[in-house]
Structures are given as structure tokens and as C-alpha cells.
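Q: Listed in order, the protein sequences are those of chains A and B. Taking the working numbering, the leading residue of the first sequence gets 1, the next gets one more, and so forth. Taking the working numbering, the leading residue of the second sequence gets 86, the next gets one more, and so forth.
Since the hints were made in silico from the structure, they are not lab data. Every value quoted in this text rests on a predicted model; they were computed, and no experiment measured them. Ideal Cβ placement from N, Cα and C applies to all residues, glycine included. Please note: incorrect hints may appear among the correct ones.
As the list claims (entries may be wrong) - Selected chain B positions facing chain A (in silico; Cβ < 8 Å):
(1) Asp-192
(2) Thr-234
(3) Asn-236
(4) Arg-261
What the hints assert, rightly or not - If you want the ones that stay clear, here's a sample from chain B, every Cβ over 10 Å from chain A, calculated:
(5) Arg-105
(6) Gly-166
(7) Arg-260
(8) Asp-288
(9) Ala-289
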Amino acid sequence: MTPRFAPGVRLQEDRARGRWIVMAPERMFVPDETALEVLRLVDGARDEAAIVEALAARFDAPREVIAADVRALLEDLVARGALLG
Amino acid sequence: MSLEPPLALLAELTHRCPLRCPYCSNPLALARASEELSTAEWARVFREAAALGCLQVHLSGGEPTARRDIVEITAAAHEAGLYTNLITAGVLLDAPLMERLCAAGLDHVQLSVQDATEEGAERIGGLRGAQPRKARAAALVRAAGLPLTLNAVVHRQNLHHLPELIALALDWGARRLEVAHVQYYGWALANRAALLPTRAQLDAATATVEAARAEHRGRLVIDYVVPDYHASRPKACMGGWGRRFLAVSPAGKVLPCHAAESIAGLVFPDIRETSLAAAWAESPAFAAFRGTGWMREPCRGCARAEQDWGGCRCQAFALTGEAAATDPACALSPQHHLLAGALEEAGTDRFIWREHGATT
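Bound conformation, chain B alone (with noise of 0.2 Å):
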């Protein structure tokens, strides 16, 4: 099997945010400012993965806008000839940092929101004033032209404000809303009991977004990421473990996906000692989970495992202590039933906000 080049790299250009949500997918252990890679290393990753085959870059963190030299990133993002989307928390972004990042040559902005109401955004944020902040940036971002996402995790404790946050979206001006359960990996899963909606919430989303979807046509695209505890099929997770992505992490870990370093045993090329293409190409912990050769049963023989790929080997390792497991989230894996087990525990409404050095 000759190996594909990647689509689109993820770029965590810091841990650091504003923001505490409870569901940040970043690691429990967040990497300090002093790791992070230079203006010239992240340009090198950029001209790296075009060279491979990726289009686009996603401008990520932690909150890309908390780096100084954001304008740089993007400007030698677009220079590499890559698609440059960033993805950000809003607060930090004004007038003058808009125009500079237009100029860079910005292409889209995915803006987050915590909740439809302020009060309910500042308790899952952690940040006071967040909401109108957020606010003042979409209408930077349309001002400046640009095309904008809103992106509204959704879960047990903002589920109820789902048709507000869609009428956020419009009121905001975005083209395109995602209404994305929480995933459990890092924070979330430290946060489960207090994140996992209920089976009426989740039934009651769906039939809003479907309802929603046929009202804004034309003027709103609604994405939505059904959550898959409440599943009996698993999510093809990053569309297969190094397939079609690939993310670098703020101290310069080449990943399959961002939440990889969670999985014990594997180690991960630093983009400081190699190339982009090698680490793709070359490294075992790339190898370990491509394709189909590593799976047993039931994933093995099975007729979805080229659809599904195994589902997620960050949840299998997190939910069952070996990553070459099939995803619980799948009903034939034998340890299905402990999704099951997690949403007849869920039910506080008790967080653990994201911080540096926090212990869990």
C-alpha cells in the first residue's frame, strides 16, 4: 500500500488561553510558554507540509492570538501556500490585529462560544466578560470580510440553550455553525461526569439541528458531531490514525492527532530533530495504528474497518488501557458496556477548570 500524503495539519501554536473550559481537548499536562516553537520553526513546518501535500492548516491551541507573533505564523502560513484557518477563542482579537491578519492573508476564522447566555459562557469559560468580547470579534471578522464559523460545544450543561446558540450564529453573522458534542479525552474526560448529556438531551439536539437545517437554508450550514458514548458504531477518528492528518504540538511533537501523547508507549517525532516528511513517512508510532494490519478482533475481518478504521485509539487506550483495542465506542467491542457504566454515573454539575500544574 503506497502512503498518502496528509490534507491538513493541525498547528498548536500554544497552550496557553484565556479561557478554562472544562472540555479543553489540549493535554492535562500543558506545555509552557518557554517550549513553544519559534516564529522560524513554525514557518519550516509550514513549507514542510505543503511540500508533503497538505492543503489547509488549522491555527490552533490553546489560543493561537495569545502568541505575539501570531501575524507571522499566518503571514508564513499563506506564503507556504496553505489554506489558513484560525481557530480562536475571540477575546483577545481587535480592530488593528484583524486588519494585520487580513493582510497575512488570513482565509477563514472559526470563533468559539461556551454558552447562548453570558452568565453561562463565564461559568464554562472560566472568563469574565468573555461573551461580549466574542461578540465584537465575529462582527471584526465580517467587517473585515472574512468568512466565520461559530463553533458551540455542546454538552449536559448548555444543551437546553442549543435554538439560542443558533440564533447566535445568525445574529453573528456566521455562514457556518458546528454543533459539536464534547469529546472525552484530557480535560473532558477528567470532566465526564459533569459533561455526558443525557439520551433526552442528545434526541432533543438532534431533532433542533435538524429542524434548524431546514429553516436557514441557504444562509446557515449547521455541522454537527454526534457524541458517541450515546453510539453503537465508532466515529472514523481523524479519518484514520495517519491517513489524512497530521498536528504538531506547541513544543514541536509531530502527531497523528492532537490528543495522541495521551496514548502511553508511543514515542513521537520532535519536529525540532526531523523533517515533517520523515516523521509521516518513517515513524513507528505513525506506523503502529495505519491502516489495518494492527487490528484484532472484532476490528479484524471486520467490513467497517475501512470506514471506521477501529475508531479512536486515544478513547481505546483511555477506556481500556490498551490503545490496539477496538473503541468501546463500537457495540461489538467487548468492553462496550463501559460507555454505558459513564452515563448511569454522569449527572454533577461540578467542573475542574483547565490550568497550568492542575493535578486530577
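The shape of chain A in the complex, shown without the other chains (with noise of 0.2 Å):
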């Protein structure tokens, strides 16, 4: 899947509070450390493989622990219609 954001949701800087926030139609939560890596790099152009590769770039991890991170949480983003995949 190619991610990108729903219509009205994007991510944004919190400066008063230091964190982002996902911003949506009356409505927004904060992604946890996690998500915020992968949001961060969710364009409408980078497919899930593209960004798991950019996150494997940066993290010491196991690739396959960053995949299976980076499909739960797009899936659990599609669902709260925060992303469209």
C-alpha cells in the first residue's frame, strides 16, 4: 500500500506542548514515538516497503520487527480513517 493522508488529517507541530499532533475534522490525537517515525514519512508517494526501508536506514532493528510494526500501524491508521491506503 501507498499511504497517505485522508482528506482534513495531517500531521502537525504542538510547539506549546513539545510533541506532534495528528490533526483531523474536529477531532486529534497524539501518536506515540512509533507512529510519529512512520507518519513522518508518509507522502502519497513512498509505498509500505519504502518506508520500512527508510526506517531500517535509521533504526537498529530487525527488519522484519520494523515491517510487521509499520503494517499494524498503517492498518490501525486506515481504520481510524486518519490514512488512506
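Got two chains here, separate frames each, mind docking them using the hints?
A: So this is what it looks like as C-alpha cells:
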């Protein structure tokens, strides 16, 4: 899948509180660190494999573990309506 | 207790509106166009709001698209880094304006609907031909690729159409529907006898919403705001006075909520004379009902004091004459009987339509 943000959903810096948040129509949620790393790579162009590749280059973890984490996270965010896959 | 920054700003850009809804949340004394803040003043408000910690701005009114500079205002809010939500009646929205609002960075549109039928919508909103124009606005929002929320204010005179309102939301392509029972301030309080639903109407509406949520799961999210005249506990109005939200009125008053000017005796900061940060942190009017220190019994010491924050200050003032009283929506309030009394007296179908210079 090549994930992209759903209409009206975007990642936004919350400087006053030192965090990033996912803004959506009249609601918002705070991604954990793993989710934030993945969401920063969501640009509508990178597919799932490219996101895994980018994370594997930066983090010292087995590729299978990263791939499983990314898959679970993307599926969750698609189910919540934040991403389109 | 350290002061938390606000999360969202309600920008009431104007009180002008082509509709005349009898439950309008604007004050009875409507601001004139000549009193309104300028484009540059709103741009400053947005920059200061973002710097203060606001994440989202609700561009509202009145009808925000009645302002000729609505595109410039939207662009200024977007450039300040705020998530921009346009709260509109939709009747002034055409394709060129939609395109320019999109280019300016608009994130979301909340479109109001007064009833499911053309005749009902015309009668309640007081504008002929409103419904087809709203349908066109919904189509424009969807064609622009923006998310659409439909906002249906419900009351005694349109609740029998709730199933059709839900069908309308699906038909117009909304992904969210707000079914909002009227809140009784300003114009709605003046029209209370015509708007208050019966208990039977409320129970039927709640059942309809629950069934529709299950039926349309994944296609339509339904938010439901219940009327506190039938409640035994008050709502946590604005998440607590001066705690999460702030509003700026068309004329530039900085308020803890859009109805706050209805409370006599409070002096609110003027954004032309101060900064948003100073208004939030230093204004005695914001401090007056912030937290729990101001509370009297039965709020004082109540286990729910930090859940409902004593309910609504505007409602307490409107119904009891004292803003520091417990909201009569609470069954523990000594004035709770006032709500039952209002319900008993309700039953007219005569409206006082909203207008400039009205006396009630």
C-alpha cells in the first residue's frame, strides 16, 4: 500500500506542548514515538516497503520487526480514518 | 496550578448572516459591520493564538463567508499554522470561492442544515431557497476534496425529521454529522418555549441516533449533543471556563466562550488594546470562574467539580441571575426546578427570528 493522509487529516507540530499531533476534522490524537516516525514518512509517494526501508536505515532493529510494526500501524490508522491506503 | 494554554480558538468573524435562525448562538445585541476587526487584526489574532498554543481555529459568525476578506482571513490562519475549520450556512458559497478557500489552506467545512425539508428549512432559517444552495455547497466541498461535516441543530419543531436529516447527511456526502440539541442562550433562550423538545421527542431522537450509528458505521460518524434541560448533571461547558478554549467576537472582545458577554458585570479584554496571551493569562474575567476556587456549595467539594466544572456560567446567570451559582441543569442545584418549569411552559410554535436591532 501507498499510504496518504485522508482529506482534512495532517501531522502538525504542537510547539507549546513539545509534541506532534494528528489533526483531523474537529478531533485530534497524539501519536506515540513509533507512530510519529512512520507518519513523518507518509507523503503519498512512498509505499509501505519504502517506509520500512527508510526506517531500517535509521534504526537498529531487524527488518522483519520493523515491517510488522509498520504494517500494524498503517492498518490501525486506515481503520481510524486518518490514512487512506 | 500552572496555566495551560488553550487548544482552540473560535473566531467569530461577523454577526452578519443571510439566515435568521431563532436559536442563533449570537448575542441579542448583534455587532455592526463597522465594528468588525480588520483582516490585519485577525491575522495578528491567529499568529498570537498559534504562539499561545492553539492548534485549531473555527472560522465562524454569523456567516463567515459574508466577509469579503474570508479568503485572506483563511490564508492568514493557515499561514499561522492553525488547522482551519469553516463553520458556514453554505448559501453564499460558489465554485470560485470554494476554489480560493482551498488554495488558501482550508482544512475542513462544517455546513449547517436547519431541517430535512425545503419548507421546514426555509421557515426555521428564514431564507427562501436556502436548501438547494446548501446542497450545492456540500457538492462543492466534496468536489474540492475537503472533508464535510453536516451540523443539524435539532429542537421541538424539526426533531420529527431526524431520520431524514441523517439520510440527508449521507446523500450530501458528509462523513460526520453533528446532531446538536439547541443550547439555550441568546436568541435560543428568547425562543425557548418554541424550541424545547418534549421528553418523548428526546428519547426518540436518542434511539434514532443510536440505531443510525450502528447502521452507518464506517460511513458516517454521528456526534450527539444532548439538551441539558432534560439532564440531571450539567455539561462540562467549554471543558471549563478559560481552560481549553477562547473566542474572539466580531468587535474584538476576547471571551472564554461565545456567549460570555451575556453575563453582566464581567469586563472582557479588547484585542485592539491587548495581546491574546495577556488576555488569557491576566484577565480578571477569565480568572473569575477558572478552576474550582470560585465555587460555592453544592459545587464546592463535589466529586464531579473537575469533571463538569460546575456546568455553564452563562446558563447559571441567565436562569438564576448569579454567574457563580451551580448550573441549574444539575439536580443538586437548588434551582433545578426552573428547568422543569420551562419544559412545562413550552409548546408554542411562534418564533422570534434573529435580526439586527431587535428587542425582546
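Q: Against each hint, give a clear statement of whether it holds in the structure.
A: For each hint, the structure was consulted:
1. A cut of 8 Å between beta carbons decides the hint on B:Asp-192: the least distance to chain A is about 5 Å, and the hint holds.
2. The interface hint given for B:Thr-234 holds, since its Cβ lies 6 Å from the closest Cβ of chain A, which is under the 8 Å cut-off.
3. A hinted interface residue such as B:Asn-236 counts as satisfied when its beta carbon comes closer than 8 Å to some beta carbon of chain A; here the least separation is about 10 Å, so the hint is violated.
4. A least Cβ separation of about 6 Å between B:Arg-261 and chain A falls short of the 8 Å threshold, and the interface hint therefore holds.
5. Remark: the non-interface label on B:Arg-105 is consistent with the geometry, its nearest Cβ contact in chain A lying 26 Å away (cut-off 10 Å).
6. A cut-off of 10 Å between C-beta atoms contradicts the statement that B:Gly-166 is not in contact with chain A; the least separation is 7 Å.
7. Listed as a non-interface residue, B:Arg-260 fails to keep its Cβ farther than 10 Å from every Cβ of chain A; the least gap is roughly 8 Å.
8. With 10 Å as the threshold on Cβ separation, the claim that B:Asp-288 sits away from chain A holds: the shortest Cβ distance comes to roughly 26 Å.
9. Every CB of chain A lies more than 10 Å from the CB of B:Ala-289, the least distance being 26 Å, so the non-interface label holds.
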